[in-house]
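J.: Sequence:
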Amino acid sequence: MKRKSHRGSERVSGVRRKYNLCLSVLINVLFISMTSLFVYAQSIEDISILKISPQDHRAVIKTPDGKDTIIKAGDSMGERGKVTEITAGRVVVEEKTETGIDKVIIRFDGKKQTVQRISRTVGKRPLFYAPVSTKGREEK
1 MKRKSHRGSE RVSGVRRKYN LCLSVLINVL FISMTSLFVY AQSIEDISIL
51 KISPQDHRAV IKTPDGKDTI IKAGDSMGER GKVTEITAGR VVVEEKTETG
101 IDKVIIRFDG KKQTVQRISR TVGKRPLFYA PVSTKGREEK
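With my numbering applied, the sequence shown corresponds to residues 1 to 140, in that order.
No lab work stands behind these hints: they were computed from the structure.
Every clue listed holds true.
No farther apart than 27 Å at their CA atoms in a straight line, the calculated lysine-lysine pairs in the DSSO-like style are these:
hint	residue 1	residue 2
1	Lys-82	Lys-112
2	Lys-82	Lys-62
3	Lys-62	Lys-103
4	Lys-111	Lys-62
5	Lys-62	Lys-51
Quick list of simulated restraints, FRET-style, between CB atoms:
hint	residue 1	residue 2	range
6	Ser-13	Thr-97	54 to 60 Å
7	Lys-18	Glu-45	45 to 51 Å
8	Ile-101	Asp-65	25 to 31 Å
9	Val-15	Asp-56	40 to 46 Å
10	Thr-87	Leu-26	30 to 36 Å
11	Pro-54	Arg-16	44 to 50 Å
12	Ser-48	Thr-87	14 to 20 Å
13	Asp-56	Gln-116	21 to 27 Å
14	Gly-110	Arg-16	51 to 57 Å
15	Val-25	Thr-114	42 to 48 Å
16	Leu-26	Ala-88	36 to 42 Å
17	Leu-23	Lys-62	32 to 38 Å
Model, not experiment: these values are computed from the prediction.
For each residue, glycine too, the CB sits at the ideal point set by N, CA and C.
Please model the entire structure based on the sequences and the hints provided.
T.: Quick look at the structure:
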């Protein structure tokens, strides 16, 4: 009987180790990059803008914990906010609240920052009703 060589299985296990190593590195890189996409703060008003790049539609902000972060449209901001627009001098964030959706406009002129909150409240709609026609009814 011929004895089979184990060299092939050593190659497979070496390839498998490299694959597992690459996979774990990739997962770690994705985790780190995903956590940088979300800017969590107690309130959007607690975030300060350091620089706005209107041509790139990006902004550099400082979070309350002192971290500098680059944001772009589509990034999460605050607990329930999402960056919708970055233009020269302003960053617009839509934030979901209990009463509806607030639009938070953070204006920045290079030195001074102002925050304007515009609330869109969802009013209660009247119950649906159908008008009753009185034509054809005889009065009693």
